[in-house]
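Asks: The chain contents come next:
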Amino acid sequence: MFALKILSFYRFALFLFLAISFSIPGFLFPKQITISPSGKIKSIKRAIEIAADNDTLLIMPGLYKEGNIRINKKLVIMGRNYPVIDGENNGEIFTVTSDSVIIKGLKIINSGLSFVEDNAGIKLEEVKNCSIINNILLNNFFAVYVAKSADCFVENNKIEAHGTRETTSGNGIHLWYCRNITIANNKISGHRDGIYFEFVESSKIYDNYSKDNIRYGLHFMFSDSCVYSNNTFENNGAGVAVMYTHNIKMLNNLFLHNWGSASYGILLKEIFDSQISNNRFLKNSSGIYLEGSNRVDVSHNDFIENGWALRLMANSMDNKFTDNNFIGNSFDVTTNSVQNFNFFDHNYWSEYNGYDLNKDRIGDVPYRPVKLFSLLVERNQPLLILHRSLFASVLDLTEKVFPILTPESLIDNHPSMKRIK
Amino acid sequence: MILVKIIKYQLHDVMRSKWIIFYTAFYFIVIYGMLTFTNDISKVLLSLMNVVLIIIPLISTILGTIYFYNNRDYIVFMLSQPINRTTIFLGLYFGLAIPLILSFVVGVVLGIVVYSSSLQNYFGILLLIMLSGIFLTVIFTAISFWTSIKNEDRLKGFGAAIFIWLFLALLFDGILLFLIQALQDYPLETFSLVVSMLNPIDLARVLILLKFDIAALMGYTGAVFQKFFGNTTGMLISFTVLTVWAAAPLFFARKKFLKKDF
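Listed in order, the protein sequences are those of chains A and B.
Throughout the first sequence, residue numbering follows the numbering used here, covering 12 to 432 in sequence.
Throughout the second sequence, residue numbering follows the numbering used here, covering 48 to 309 in sequence.
By construction, these hints were calculated from the structure, which means they are not laboratory data.
Do not take every clue at face value.
[To be verified] Listed below are the simulated SDA-like cross-link pairs for lysine to any residue, each with C-alpha atoms no more than 25 Å apart in a straight line: (1) B:Lys258 x A:Lys198; (2) A:Lys411 x B:Ile101; (3) A:Lys85 x B:Asn168; (4) A:Lys429 x A:Ile415; (5) B:Lys258 x A:Phe40; (6) A:Lys294 x B:Phe84; (7) A:Lys115 x A:Asp235; (8) B:Lys274 x A:Asp223; (9) A:Lys294 x B:Leu174; (10) A:Lys294 x B:Ile172; (11) B:Lys90 x A:Arg430; (12) A:Lys198 x A:Ala252; (13) A:Lys222 x B:Leu173; (14) A:Lys429 x B:Ile88; (15) B:Lys90 x A:Asp66; (16) A:Lys370 x A:His425; (17) A:Lys294 x A:Asp235; (18) B:Lys258 x A:Ser404; (19) A:Lys84 x A:Ile113; (20) B:Lys274 x A:Arg176; (21) B:Lys90 x A:Asp235; (22) A:Lys411 x B:Leu226; (23) B:Lys274 x B:Ile284; (24) A:Lys294 x B:Leu226; (25) A:Lys411 x B:Leu93; (26) A:Lys411 x B:Ile88; (27) A:Lys294 x B:Ile284; (28) B:Lys258 x A:Gly339.
Sequences are here, hints too, so could you generate the full structure?
Replies: Pasting the structure below:
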């Protein structure tokens, strides 16, 4: 009797539940709204108007020109076969002002150039938990712009522009006052800066490929505690520049062919307590340029065929350079000071020609990576006209025998005989 | 006609002596060896550049001096014949310069061909290095002729030739470095451009280095240099300067040769 009563109660509860869910489906079961040029709903704006939170908008292939589209509800916006959303070079395309929006599989083109507004392909404004995944963004002023947001993902996007001048071109992925953002697997090219951060904290940037940007492949300021790993920065106008930041980690990145008179693999300006490990610097005019940077740990990197592997300015202190490979650089290390407050140990130098009598794979003669000629060049650049002249070699040789002008303590006491793996 | 005859005879004479074979073999071994040890062709070319800039002037100077003094009896004999002095002089000069150039070109080309590496991407640089090598041979042979004619004393002639080589290969750059250091508060781009033209070795080095993309390292100076040497006019001017460098010592040497009482 009692058992029957309980059973009927459950039945009643189930009935009630079903009744409620069917009568007001929008609240509990999200619905899907299909937008297509030939369907009932032709406009994305209209679809957003009639949609409720948690709905999915499925955009069928076609060309949509709707000006600025504001997403102020918690929606999933999905494209099938990359429908084209064209901003017609006028204003912004998507402006997201609601949390938890997902934008996926769209082809977003031509957000308008402006000298007043930062018009973006997709702009996230003061939101949380948003995702921008698998989109193609072509010829936008700014492509993805994230402002005052947190916990968002920007993944697998292909971002391309064909800017020619810094002033008329925006950034690929632009973050401003953000926390905990993940930027992964994006391909960015032809923008002003590939990835730009300002006041961003605790974010992860990995597996991105930033190439042929007009200014920097990666550019950040005041962005503490971020991790950059497995990214490739290739052939950017000025390489990578990072400034005024604490606690960053740069691991396993490739800096490739950032070549030009004002171009750097990485330019570090006032970077503190950071780690740069296992990166490869290949054919950059300067591998790493350090200015006013302290307590940076540079280890296990490969510096191969750069103009300068390291340019260490006198205002950088307590940096550690250990277990790096310096191979075939025009200049390994230069500095503009006769004093040195940095630490070099256990690196492999292809220019090293000491010996190893006790066969412990560590050279018995210390290595001085700063050559006299490179020191002179650092102070007076036109001297580079004497690069690879007999006189420059004689100069270096003399300094090796009678070291007077090069920093006494800038010395690797345990140079490795073999390339470090 | 007589000029060709003299050159032919001299060529025959030079080819018969063994040093020219060593000279050819030297380039062949250097190029082939470097290509075998490293796969990086740009490195090989950079080393070849160093060889061209240091070895060619030195060898041309030394051989030119030895050649001239050794041929003294022959010169005196030829002067007793009814032959124009200029013809004899030019015959002697080309009789040495041509085999030197040939052995340089043959040695390098042979080394590359035997290794059969694809130098297509570097063809421009290689061509520039070869041209520089040829010019430097011509220039330093002429210089050594001039000093040899000027100095009756073998030792003095030799010393003068070596000094000129030392000056252009080494001391000149020292002076240039001193000047650039001393005047570093002034814009020095045009200045260093002009000064580097005053020395054939420097000019050749800068020409080649710029092709290696080194300009990017030089900041503003590099940009100025690239702009000058990068265009046809700049190249034309540089090669004109190199030609003048070859022609001037030859001209003075001939003048001296015409008047000299052997």
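Asks: Taking the hints in turn, state whether each one holds.
Replies: The hints, checked one at a time:
At most 25 Å may separate the alpha-carbon atoms for a hinted pair to count; Lys258 (chain B) and Lys198 (chain A) exceed this at roughly 32 Å. Distance check on the hinted pair: Lys411 (chain A) and Ile101 (chain B) sit about 22 Å apart at the alpha-carbon level, within 25 Å; holds. Restraint check for Lys85 (chain A) and Asn168 (chain B): not satisfied, since their Cα atoms lie roughly 56 Å apart, outside the 25 Å limit. A threshold of 25 Å between alpha carbons decides the hint, and for Lys429 (chain A) with Ile415 (chain A) the separation of about 29 Å lies outside it, so the pair is violated.
Distance check on the hinted pair: Lys258 (chain B) and Phe40 (chain A) sit about 67 Å apart at the alpha-carbon level, beyond 25 Å; violated. Between the alpha carbons of Lys294 (chain A) and Phe84 (chain B) the distance comes to roughly 21 Å, so the proposed pair stays at or under 25 Å and holds. For a cut-off of 25 Å, the pair hint linking Lys115 (chain A) to Asp235 (chain A) is broken: about 29 Å separates their Cα positions. Annotation: proposed proximity of Lys274 (chain B) to Asp223 (chain A) holds, straight-line Cα distance about 23 Å (limit 25 Å).
Between Lys294 (chain A) and Leu174 (chain B) the alpha-carbon distance is near 24 Å, which keeps this suggested pair within the 25 Å criterion. Straight-line distance between C-alpha atoms of Lys294 (chain A) and Ile172 (chain B) comes to about 18 Å, which keeps the hinted pair within the 25 Å bound. Proximity of Lys90 (chain B) to Arg430 (chain A) is assessed by CA-CA distance (about 19 Å); at most 25 Å being required, the pair is judged to hold. A C-alpha spacing of about 19 Å is found between Lys198 (chain A) and Ala252 (chain A), which places the hinted pair at or below 25 Å, so the restraint holds.
Proposed proximity of Lys222 (chain A) and Leu173 (chain B) is contradicted: the alpha carbons are some 30 Å apart, above 25 Å. Distance restraint check for Lys429 (chain A) and Ile88 (chain B): the Cα-Cα separation of roughly 23 Å lies within the 25 Å cut-off, and the hinted pair is therefore satisfied. Pair hint Lys90 (chain B) plus Asp66 (chain A) does not hold up; C-alpha atoms about 62 Å apart against a cutoff of 25 Å. At roughly 13 Å between alpha-carbon atoms, Lys370 (chain A) and His425 (chain A) fall within 25 Å of each other, so this suggested pair holds.
Between Lys294 (chain A) and Asp235 (chain A), the direct Cα distance comes to roughly 28 Å. Violation of the 25 Å bound is thereby established for this hinted pair. Between Lys258 (chain B) and Ser404 (chain A), the direct Cα distance comes to roughly 21 Å. Compliance with the 25 Å bound is thereby established for this hinted pair. This hinted pair checks out: Lys84 (chain A) and Ile113 (chain A) have alpha carbons roughly 11 Å apart, not beyond 25 Å. Pair hint Lys274 (chain B) plus Arg176 (chain A) holds up; C-alpha atoms about 21 Å apart against a cutoff of 25 Å.
The suggested pairing of Lys90 (chain B) with Asp235 (chain A) is violated, with an alpha-carbon distance near 41 Å, which exceeds 25 Å. At most 25 Å may separate the alpha-carbon atoms for a hinted pair to count; Lys411 (chain A) and Leu226 (chain B) meet this at roughly 23 Å. For a cut-off of 25 Å, the pair hint linking Lys274 (chain B) to Ile284 (chain B) stands: about 13 Å separates their Cα positions. For the suggested pair Lys294 (chain A) and Leu226 (chain B), the alpha carbons sit about 31 Å apart, so the restraint of at most 25 Å is broken.
Straight-line distance between C-alpha atoms of Lys411 (chain A) and Leu93 (chain B) comes to about 23 Å, which keeps the hinted pair within the 25 Å bound. With a C-alpha separation of about 29 Å, the suggested pair Lys411 (chain A) and Ile88 (chain B) falls outside the 25 Å cut-off, and the hint is violated. A C-alpha spacing of about 31 Å is found between Lys294 (chain A) and Ile284 (chain B), which places the hinted pair above 25 Å, so the restraint is violated. At most 25 Å may separate the alpha-carbon atoms for a hinted pair to count; Lys258 (chain B) and Gly339 (chain A) meet this at roughly 18 Å.
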